[in-house]
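K.L.:
Chain order of the listed sequences is A and B.
First residue of the first sequence? That's 1 in the numbering used here, and the numbers climb one at a time after it.
First residue of the second sequence? That's 1 in the numbering used here, and the numbers climb one at a time after it.
There could be a bad hint or two in this list.
So, partial list: chain A residues that the calculated Cβ filter (under 10 Å) puts toward chain B [as the list claims (entries may be wrong)]:
id, residue
1, Ser126
2, Thr169
3, Asn172
4, Ala173
5, Gly185
6, Val187
7, Tyr244
Keep in mind the hints are simulated off the structure, nothing from the lab.
The beta-carbon is built from N, C-alpha and C at its ideal position, and this holds for glycine as well.
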Amino acid sequence: MKRIVIQSTRKAWQAKRKAWSTNTILAALICLSAAIAAPRARAEGAGLAGTADCQALQAKYPMLKGKTLVDALNPHTPGYEALDPEDPSHYIGFDVDLADALGTCLGFKLTYKPVAFAALLPTLQSGQADIVISDIYATSERAKAADFITYSKVFDGVLVAKNNPKHITGINASLCGDTAAENTGFVEVPLVQNLAPVCKSAGKPEPGLQLYDNNADCIQAILAGRADTYINDVNTVDQAVKAYPDQLSKAVAVTLPYSIGIAVPKTKPEFRDAIMAALVAVQKAGVETTLLNKWTLDAGSLEEPKLLTQ
Amino acid sequence: MELFFHYLSLPYLLLGIGFTLEVTALGLVGGLAIGLLLAGMQLGRVPVLAALARGYTVIFRGTPLILQLVFAYDALPHVGLTLTAVAAAGLALSANEAPFVAEILRAGVIGVDAGQILAGQALGMTPRILMRRVIAPQAIRTIVPALGNETVSALKNSSLASVIAVPELTLRSTQLASSTFDFFSIFFASGLMYLLLTGAVSLLQLLAETALDLDRRARRTGIARWRKVAIAALPPASMTPVALEAQPETTPAFPAARKARMTRGASPAGASQAGDTVAVEVRSLHKRYGDQIVLDHVNLDVRPGEVVVLLGRSGSGKSTLLRCINHLEEWDAGIIRVGGRQLGYGEDGRKLSPRDVARERANLGVGMVFQQFNLFAHLTARQNIAGPLRWVHGVPPAEADRRAMALLHRVGLGHRADALPRHLSGGQQQRVAIARALAPNPSVLLLDEPTSALDPELVEEVLAVIKLLAVEDGLTMIISTHQLRFAHDVADRIVFLADGVVKEEGPATEVLTRPRHPLTARFLRVMGAEQAMEMPG
């Protein structure tokens, strides 16, 4: 199975190289399997393989060495994971670099499988992916489906129309009677839903909720006037404001009591331990801090790895 | 606008089209395969299979494709079947398309005129030949627009495969929109790509429809034929059938003249074992539909070369009797022998399967002409005659064609050989149908109210052909008709039926002029008044 994936990736690459030639579409036809964007060589984690920590880990977990693992991601979060706008044949972002660093340390390579956010954990559970590194918050609810190794604190931003006409100040009573756009499966969804009793006791209508499948649709909902706010990772919100400075604003940043985590199958404790140990090594080598800076994420969000399992 | 063109030519998006087409093709090919199976199961004779196919249709037509996709991708691995994203999408789309394709196929098959199927059966076609030569070619023509629809629908549905990580056009577009925020430029570009793809499908559909257009084909071959005719400088083609009897080409392979056959006492193919003097023997034939008795212990003997006319009101059982003699209907009790061989049972005494019944018809040589002509609508007059000869009797194409042309000249339609049935008048169609029934040299020809569906002015040309066959060829015929004058002219014997019972029978003149049974007399009075006929002395 793995071999097939690798071969088809190579075919996809060959096809891409020919892409501008006249037989573009013909070349596309010969791609038999998922054309999975191959990672570019990344400098930040390159030195990891030689560190004593990583050497020891490669000796301890030899079964990962030389493997190609499938990383499921929801590539709609610029800064964490999204297509490279300059060259859409591959994914870029903090999570992609982090996965690459973990792979460098343990000696495996990665391919990426783009799925809907709500499909991240089912894809992992069905074995269609080996690991999920996709800006997913580790909640106890989600830990029923997969084990999580956390690597970052969560800061959310509140995206609103320019100059915040509805005066939204966070996930609180200021949302009563307004409409929030969210992605299916996001932790913000129940947080907004839980405002209903608060609003009711204040004699106000409860907040409305529109569920979409990706960031682009949520942002469009605000631009089209369908929704009043979209609450998500602060970096995503900042990127949206940067893209539409005349139409969007960030109302406020809020902290959520969650951590961002790497999801691994519950059935593979040894793999989980290897990833956790590698994450420790990556942080120790200062690579995660470098990556946070590279992607202009808040360096203060770095968090020591913790295991969340149910 | 610049961005729009940038994304329209972006290799990343263009490559997505490859996956869109791949998933669509898998879905359509798989859907067609499973759909054929489902349609076959539902049209077949095994109730359990039909029920299974129904069940499948209910489930896969009744659940959203997106769920089926997720199921194929995320649930199947739990039972040990891990498909690639493209394969899972192909499987789900196939499974989803199948019931729709099956219904389209079924509609096409059901839509084929039942009369043509009956005619095919009467000509001895097995169910397989009937499907291949009569039903499928006509069904395909009617289902092309629906299949075009389904292809476009499958192409658009393939975008749902984006939820299971197939990197097709939609997935690529949404990801690109998320990373670049160029929402509208990207979706306008991918929208145009979809439009070009579906436009190509529409074009293919149009081409297919044009290629399959019968009128267009008929025009082409018609012109070619007309040229040949012009070169050969054949006599003008508007002759009446009777006038054609002198043509030398009209006689080959016809049964020997009636008189000769009568004196020799010989009967045609398959009749050698017994009953040399009886072509058709019906003994105590009994049949009912529910509580209603249609044939009440009917007896009938027809000698070789004899022309028997069945008279009686509509519903008297004439048609049913004829259809039993060709075994197009089952009966409840009684025996039918044609040329001495008993119908409906194999040599081991067991009931015959539909395929064996078809062979039996082909071997016994019972030809049949229907009230509604029942010509195969997709075949020209010539093909209507030559086709069954080739498919049922294995006659070589050139020989079959020669015979078809000879018969068409015989019925006065040599000049209309390449016309489609729809371009022929009712009378001409019925003459072709008679020629078709005569082609395999039947020992008995059954004619079921052959002129009832014709406009009055067209009746005569058909009757003239039948008279010709009776007088010149001495063909054994059983004819049900309301035309008393015709009956008088052509019949050796008349059998009068009422309520499934033979009330009276005897020589034609005697029954027509001196009926013994009051019901016969009344029938003749009513019919005679209607047709304002003058009976001789």
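K.L.:
Look at each hint and say if it fits the structure.
P.N.:
These are the hints, each one checked on the structure:
1. Ser126: Holds. Min distance 4 Å.
2. Thr169: At about 26 Å, which exceeds the 10 Å cut-off, the nearest Cβ of chain B leaves the hint on threonine 169(A) violated.
3. Asn172: Since the shortest Cβ distance to chain B is 28 Å, the answer is violated.
4. Ala173: Violated: closest Cβ of chain B sits about 31 Å from alanine 173(A), beyond 10 Å.
5. Gly185: 13 Å, violated
6. Val187: 19 Å, violated
7. Tyr244: Given a least distance of 7 Å, the restraint on tyrosine 244(A) holds.
Checked against the numbered hints given earlier, the structure breaks hints 2, 3, 4, 5, 6 and satisfies all the rest.
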